[in-house]
Amino acid sequence: MLFLNDTRFRAVFYQFVAISLVLLAGWAMYSTASANLEKQDIATGFGFLSRQAGFEISETAIAFQSTDSVGRAILVGVANTVKVSFLAVLFGTVIGLFVGIGRLSTNPLLSRLMLAYVEVLRNVPLLLYLLLWYSLIILVFPPVKQAIQFLPGFFLSNSGLAVPALQWQSGFYALLGAVAIGMAAALGAHSIARRRRIASGRGGSGWALATTLFLLPVVAVWASGQLSINWEVPELGRFRLTGGLHIRPEFVALLVGLALNLSASVAEIVRGGIQAVNRGQWEAAMALGLPRSLALRLVVLPQALRVIVPPLTNNYLSVFKNSSLAIAIGYPDLVMVSNTVMNQTGQAIETIAIFMGVYLGLSVLISVFMNWYNARVALKER
Amino acid sequence: MADAQALPATPEKLVRPPRRSRWREAYFGTPGNAFVTLVSGAVILLLAKLAIGWLFLDAVFDGSSDACKQSSGACWPFLAGKLRYMLFGFYPFEEQWRPLAALLLFVGSCAVSMIPRLWGRGLLFCWILVILPLLYVLMAGGVFGLTPVPTSKWGGLPLSFMLSFVGLAFALPLGIGLALARASDLPAIRVLGIGFIEVVRGVPLISILFMAAVMLPLFMPDGVTIDKLLRAQVAIILFASAYIAEVVRGGLQDVPKGQFEAGRSLGLHYWQVMFKIVLPQALKKVIPALVGLFIAFFQDTTLVTIIGLLDFLDTVRTALRDPEWQGIAVLEGYLFAAAVYFLFSAVMGAYSRFLERHFNTSYR
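Which chain is which? The protein sequence lines are U and L, in order. Okay, so the first sequence: first residue is 3 according to the numbering used here, each after it adds one. Okay, so the second sequence: first residue is 120 according to the numbering used here, each after it adds one.
By construction, these hints were calculated from the structure, which means they are not laboratory data. Incorrect hints may have been included.
With a cut-off of at most 25 Å between alpha-carbon atoms, the simulated DSS-like pairs for lysine-lysine come out as follows [said to hold, decoys possible]:
{"#": "1", "chain 1": "L", "residue 1": "LYS168", "chain 2": "U", "residue 2": "LYS41"}
{"#": "2", "chain 1": "L", "residue 1": "LYS347", "chain 2": "U", "residue 2": "LYS147"}
{"#": "3", "chain 1": "L", "residue 1": "LYS168", "chain 2": "L", "residue 2": "LYS188"}
Calculated Cβ distances over 10 Å to all of chain U for the following chain L residues [claimed, not checked]:
{"#": "4", "residue": "LEU299"}
{"#": "5", "residue": "LYS404"}
{"#": "6", "residue": "ASP419"}
{"#": "7", "residue": "LEU432"}
{"#": "8", "residue": "GLU475"}
Where a beta carbon is used, it is the ideal one built from N, C-alpha and C, also for glycine.
Just chain U, with the same shape it has in the complex:
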C-alpha cells in the first residue's frame, strides 16, 4: 500500500502496465495469426513481391505488363494514386479559391449561388458522388461503337476520351533543355526588373523581355530542324479504339469527384481566411485608391494565406486518403491493386501493411512540405 501512495512509483507502474498490455496483445495476435496461417498453408514474408503478377492493370502511370512482378504492380498503384491526388489538389484548389472569393461577393445572387455549391458538395458523401459521376459518364456518352468524333482524332465515348498522343522521334531533350534555359532566363529577368522597380520606383514589370527570353531558345531549337514530332491518332475499330492517349471514365469520375469535394472545403477555408483579415486592411487599400480586385490580390490574400495554409494541409491529406475510394469505381489505385494482389496471393497481412505504410509515409511527406510552405508564408516577426 505504501508503494501505491508514492507518485513516482505509480508513474512507473502505470507505464509498465500499459506497455506490457500492448506487448501482450501484440504477442497474442502474432502467435494466433502465425498458427492460423500455418494451418491455411499461407507463407509469410515479403517474398511474394518478386513473383510474377499475372494480371493486367487498366491504367498505368508507369509502364506495366502482366509478366512484371507483384512489387511493380503495387508501384503502379502508388503512381496512380499520386497522379490522381496531385491533379485533384491542383484543380480543387483553383476552383475552391474562386468559389471562396465568390462567396464573399457583394452581389447577393453570386454569393448565394456559391453557398449552394458548397452546401450541396459538403452534405453528400464523396462516395455517392463518385458513383454518380461514374454512372453519368457511362449513361450520357454513347458506347465505343458510336463514339463521337468532335474533332479529327478526338473520340468521346462511354469508355473515355481518346486523344492523339505525342510521340517524340528526336530532339526531345534539346527542347527540354531549351525550355529550362528559357525559363531560367525569364525568371532572372523578372527578378532583376522587380528589384529595380522596388529600388527606383520606375520601370515596368519587364514581362515583354521575360517572354522573349523564354521563347527565344525554344524557337531556336524548333528552327534548327532537329525536332521531329509524330501524332499517334486513335483509330476507331469495330469494338474498341486503338492507339492514342486514352483517358478513362474511372479516372475522370475520380478526379472530378475528388476535385469538387476539395473545392468546397477550400472555398470555406478561403472565405474564413479572408474574413480573418482585419477590415482596416481593406479600408486602407481602398483609401490608397486600389480597386477591390487589386486590394484582394495584393493586400488581403497574402495576409489570409497565413490562416489558410494549416487547414489546407489537412484537406490535401484527406484528398490523398480519399483517393482510396477509387476501388468503388474501379480505378486501379494503390488500394485496388493491393486488393487484387491480396486475392491472388492470399498475403493479406503483408499487403495491408504495405499500403498502410505507403499512405503513412506519403502523408508525412505531404505534411513536411506543407509545414515548410507554412513557415514561408507565416508572419515574419521582426
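Since chain U is already given, all that's left is putting chain L on it; use the hints.
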C-alpha cells in the same frame, strides 16, 4: 445652411437610401456587378428549368419501367416500388414496421436530445436504459413475441444510422481517453497515445475497414468468429476515436493550465481534476466541432459498402441493379440517396452552427 450640411450627430439620424435604390446598388451597382448578376441569374434559371423539367414536366408518375425508358424525366414509379427495399434492405418484408419504428424513435429522440436545456445525467440514463435497449429489441427481436432477425438481414438507413451513432457513442470515451493519454506527463503513455492517433489519422478509413474485414479473422483463435457488422463497427469506432482525440486535445489546450494546478493544489486526484474541472470546460468548447465530426462519420459510413455491408448507399445501388430497372433509374436512385444524406447533414450542420452561437465559443 451650415446646419443642413453638418454630419448627423448620431447614427440614427443617418439618412438611409430608400429600399429600392439599395436593391439596385446591390445587384446593378456597377457594370461589372450587373454582368455578374445577369450571369448568376442565367445559371440559376437554367438549373431551375432543368430541375423542374426533370422532376415534374418530363417525369413519369405511374406506369412500369417501360414508360420510364421512353421518357427523359424522373421515374417516380421506381422510387415508389423500391422505397422499402432502399430504406430497409433485406429486413423481412412483413416485419419492416420494426426498423421504421426504430428509425422514427431514433430520429425523435435525437431531435429532443438536441435541446441543450435538457442535457444532463437524466437524458444520458434515458438513452442508455430506455432508448438504446428499445431500439435493439425492435431491430433484433427475440423477445415479446417479436421474430428474431439476424444482423446479416439488417440494412438500409437504420444500419447507416447505427454505424455512425454507435460509432460516435463508443468512440467518444475512447477518444477522450486518447486525448488525455496524449497530454499525459508519463512518456510511455504519451508515446502510445500519439502513435495510435497518428497512425489511424495517417491511413484512409478504407484500409482500417479492410483490416477488420480481411485481417482480423486471421488474428482470432480457432473457432472464434466475430459478426461482420460488429467488425466494421469496431473499425469505425477506432477510426473515429483518433479524430475525436484530436478535437478534444484542441479543447484541452484551451483550458488554462492554472485550472489543473488549482485542482491539484486543492488535493484532488488527477482523475478528479480531469473529470470535474478540466474536461467539462474542454468538452463544452468542442461540442460544435464534435457535431461536425458526426456529420463526417455519418457520410463516411457509406464506405462499408465496399466491404459488402448493406448500408443505405448499398441498398440504393442494389435497387438500381434490379433487372427490371437496370440502367433506367440510375439518376433517380443516386439523387434520392443524395437528398437523404443532404437532409440529415444539413440539419446537423445548422445545429452545429446553432450550438456555436449558443455557447458563443466558435471553435478554433
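(request) Measure nothing beyond the straight line between the CA atoms of LYS347(L) and LYS147(U); if it is 25 Å or shorter, mark the hint as holding. (result) Violated. LYS347(L) to LYS147(U) sits at ~43 Å, over the 25 Å cutoff.
(message) Against the 25 Å threshold, does the CA-CA distance of LYS168(L) and LYS188(L) hold or violate the hint?
(response) 21 Å, holds
(message) Does LEU299(L) clear chain U by more than 10 Å, comparing its Cβ with all Cβ atoms of that chain?
(response) 12 Å, holds
(message) Quick check for students: does the CB of LEU432(L) sit more than 10 Å from each CB in chain U?
(response) 6 Å, violated
(message) The output says ASP419(L) does not contact chain U. Does that hold with a beta carbon cutoff of 10 Å?
(response) About 7 Å separates ASP419(L) from the closest Cβ of chain U, which leaves it inside 10 Å; violated.
(message) The output says LYS404(L) does not contact chain U. Does that hold with a beta carbon cutoff of 10 Å?
(response) 18 Å, holds
(request) Would you assess whether GLU475(L), listed as outside the interface, keeps its beta-carbon beyond 10 Å of every beta-carbon in chain U? (result) Given a closest Cβ separation of 13 Å, the condition holds.
(message) Just to be careful, I want the Cα atoms of LYS168(L) and LYS41(U) compared with a cutoff of 25 Å; is the pair within it?
(response) 64 Å, violated
Comparing the model with each earlier hint shows violations of hints 1, 2, 6, 7; every other hint is respected.
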